[in-house]
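**Student:** What follows is the residue order along each chain.
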Amino acid sequence: MKSLWLSARLDALTSLRARWFQIYTLIFGGIVALFFLFGLTESRILGFIGLSRLLVTYIQLTLAIMPVFVLITTVRSVAGEREVGIYEYLLALPVSLSGWYWGKTLGRYVVIFAPVFLAMLGAVGWATLQGIEVPWRIFGYYTALLAVMAACFLGIGMLISALARNTDMAQGIAFMVWLGFLLFLDLILLGVMIQGKIAPETAVLIALANPLQVFRTAALSLFDPQLIVLGPSAYIILDAFSAAGYRVFALLYPLALGLVSALGGYLIFRRGDLP
Amino acid sequence: MTLLQSTEPALTAPALQFSRVVKIFRRARVLDGVDLMIAAGERVALIGSNGAGKTTLIRCLLGEYVHAGQILVHGLSPRQHRAAVLTRIGFVPQLPPPLKMSVGQLVRFAAALCDAVPEDIYAVAGRLGLDAASLAARPFTQLSGGMKQKLLIAIALGRRADLLILDEPAANLDPEARKTFFELLSERLGQTAMLISSHRLDEVSALVGRVVEMDMGRIVLDDVVADAVALNSIVDCRVRIKRAEAAFAAALSAWNFSGDASQLNWTGEVSGADRLRFLGVIARYTALIDDFSLTERKT
Chain A
1 MKSLWLSARL
11 DALTSLRARW
21 FQIYTLIFGG
31 IVALFFLFGL
41 TESRILGFIG
51 LSRLLVTYIQ
61 LTLAIMPVFV
71 LITTVRSVAG
81 EREVGIYEYL
91 LALPVSLSGW
101 YWGKTLGRYV
111 VIFAPVFLAM
121 LGAVGWATLQ
131 GIEVPWRIFG
141 YYTALLAVMA
151 ACFLGIGMLI
161 SALARNTDMA
171 QGIAFMVWLG
181 FLLFLDLILL
191 GVMIQGKIAP
201 ETAVLIALAN
211 PLQVFRTAAL
221 SLFDPQLIVL
231 GPSAYIILDA
241 FSAAGYRVFA
251 LLYPLALGLV
261 SALGGYLIFR
271 RGDLP
Chain B
1 MTLLQSTEPA
11 LTAPALQFSR
21 VVKIFRRARV
31 LDGVDLMIAA
41 GERVALIGSN
51 GAGKTTLIRC
61 LLGEYVHAGQ
71 ILVHGLSPRQ
81 HRAAVLTRIG
91 FVPQLPPPLK
101 MSVGQLVRFA
111 AALCDAVPED
121 IYAVAGRLGL
131 DAASLAARPF
141 TQLSGGMKQK
151 LLIAIALGRR
161 ADLLILDEPA
171 ANLDPEARKT
181 FFELLSERLG
191 QTAMLISSHR
201 LDEVSALVGR
211 VVEMDMGRIV
221 LDDVVADAVA
231 LNSIVDCRVR
241 IKRAEAAFAA
251 ALSAWNFSGD
261 ASQLNWTGEV
271 SGADRLRFLG
281 VIARYTALID
291 DFSLTERKT
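Protein sequences, first through last, are from chains A and B. Taking the numbering used here, the leading residue of the first sequence gets 1, the next gets one more, and so forth. Taking the numbering used here, the leading residue of the second sequence gets 1, the next gets one more, and so forth.
For the record, the hints were derived by calculation from the structure and aren't laboratory data. Glycine included, every Cβ here is placed at the ideal spot set by N, Cα and C. Just so you know, not all the hints are guaranteed correct.
[As the list claims (entries may be wrong)] Derived Cβ-Cβ restraints for the label pairs, each shown as a range:
1. D236(B) to R271(A): 51 to 59 Å
2. A68(B) to L267(A): 19 to 27 Å
3. F292(B) to R271(A): 56 to 64 Å
4. S258(B) to V84(A): 40 to 48 Å
5. E83(A) to R284(B): 31 to 39 Å
6. G33(B) to R19(A): 40 to 48 Å
7. S19(B) to G264(A): 27 to 35 Å
8. V84(A) to R284(B): 30 to 38 Å
9. L76(B) to L259(A): 26 to 34 Å
10. E83(A) to Q80(B): 25 to 33 Å
11. G80(A) to N265(B): 48 to 56 Å
[To be verified] Here are some chain B residues the structure puts well away from chain A; computed CB gaps all over 10 Å:
12. P14
13. S102
14. S144
15. E168
16. A177
17. G190
18. Q191
19. V211
20. V224
21. I234
22. R240
23. A249
24. S258
25. E269
26. T286
In isolation and in its complexed conformation, chain A is listed as follows (with noise of 0.2 Å):
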């Protein structure tokens, strides 16, 4: 346990010393900012208004954002620390190999999840101050969006740092798969669907497997139960897991894929060369 700890108070501190880290930082504190100033709050969207409807936009933008951020970094950075040796020094002190991998993971969590959930916690304090409604529900259910949504890029991360034995390739890999995911939301799907390649059953279940696709309809769940904006695949999605069904597989299924992706990492890391 003493590795794992101090594994991640070192990670998360040497983050905090990063430029992408307050670049990061930077982008989603911007945004709640630019929220408030641009009146946000007083605009409607599908009868969302004042603070629901920041958090519903704030989302989807966090959506586009993190995901791609949360992947490059990861394996720039753990990557890239094997190749410039720092990973031949620090392994040679008496660190277990799982306490140095989780705790790297673990410290990294905490980096990447609290700006994102600290911005939204920023603008629920403001709101306050300001006398606006504050959303217990949706702010609840979306802070767990958002902290399993971290957790399963920084596993896929992990996994493909593991994987790649350079930053060049590892950020290559993370690249495709975040385009990969991105393409299989709409495009392809779409695509293959409308030349009547695949049953629709199985496009709808493509897309249940695309972690952002889960995501993105867990979102607009909360303020369209019926999920009318999917149109007719919104039928086999209630059908098989019900509006509140739904959300819980958009919290369990995301979480257990970045799991099972930084384990898959672990066990390549500790039976392989380490630095």
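Since the structure of chain A is provided, determine the placement of chain B on it from the hints.
**Tutor:** Showing chain B alone in chain A's frame:
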């Protein structure tokens, strides 16, 4: 320095044992059946050209590479008993890694893992001429090459370790710090086994009692080295030159030598272990030298 009978005390218990160690990267056989035994307290130079397999051997020893064959440190596998083995090993890499953490964070991290006290590490750094405590908030990457090397040496020596693995440890040190470094090593004579890697034997010959040379992943030479000058000895040196020369003055000033008013007569002291390196510097000015003497100080 001569290749003679070893003056090392009789040491038998193996601190380190390599048995038929093979490491293959893709199709390249980087270590090709290495057999080597190092006794407790023994000091061994590991020499060889680039690509000979020195770094790979060290990484296998540190449990960082998987390999065929067996490596045992005090009877334990470094891969399977990482914490137990690495607690007893102090390691100084050839090139300081670009660690982004601060000096204080690095020292605390290393000390906590090694059950050491940060103050002991700061004390060793202080002896090497580095006030690491006052640099605690500064990122490691912002230190100069020499400062980084001193800090990594302090982390390796500022704790209990009965095996030191040093990869070109004195390469970035100034003469004064090298002298202290040799003193620090001499304080551990007999208790700590040392494996000192270098491209050249003359860089490390004074530090060791045995030399192992590697080439193409194999051990091609394993011999004893006896050096008449003790590791912690001091050699007084006098040099007279034919004419004052700025480059010569700068070179000797770097070794803390002082010249007289004419800048023709220079005196100073050199660590016994460092005299071959010093002679290498002096040799560049052979045409300028009028008189030269080295006298080991009697203690």
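**Student:** Are L76(B) and L259(A) spaced within 26 to 34 Å by their CB atoms?
**Tutor:** holds, 32 Å
**Student:** Grab the minimum beta-carbon distance between T286(B) and chain A and tell me whether it stays above 10 Å.
**Tutor:** Holds, since 39 Å exceeds 10 Å.
**Student:** Say whether it holds or is violated: G190(B) keeps its Cβ farther than 10 Å from all Cβ of chain A.
**Tutor:** Holds: least Cβ distance 24 Å, greater than 10 Å.
**Student:** Taking the minimum C-beta separation from P14(B) to chain A, is that value above 10 Å?
**Tutor:** Its Cβ never comes within 10 Å of chain A, the nearest being 20 Å, so this holds.
**Student:** Is the hinted range of 40 to 48 Å satisfied by the C-beta distance from S258(B) to V84(A)?
**Tutor:** holds, 41 Å
**Student:** Is 25 to 33 Å right for how far apart the beta carbons of E83(A) and Q80(B) are?
**Tutor:** Since E83(A) and Q80(B) have Cβ atoms about 26 Å apart, the given range 25 to 33 Å holds.
**Student:** Within 40 to 48 Å: is that where the Cβ-Cβ distance between G33(B) and R19(A) falls?
**Tutor:** At 46 Å between Cβs, range holds.
**Student:** Would E269(B) pass as off the interface with chain A, using Cβ distances and a cut of 10 Å?
**Tutor:** holds, 33 Å
**Student:** Non-interface claim for V211(B): all C-beta distances to chain A beyond 10 Å?
**Tutor:** Check passes; 23 Å lies beyond 10 Å.
**Student:** Regarding G80(A) and N265(B), is the given constraint of 48 to 56 Å on their beta-carbon distance met?
**Tutor:** This hint holds: roughly 53 Å between Cβ atoms.
**Student:** Is the nearest CB of chain A more than 10 Å from the CB of A177(B)?
**Tutor:** Answer for A177(B): holds, closest chain A Cβ roughly 20 Å.
**Student:** Does the claim that S102(B) lies outside the interface with chain A hold up, using a Cβ gap greater than 10 Å?
**Tutor:** violated, 8 Å
This entry does not satisfy hint 13, going by the numbered hints stated previously; all others are met.
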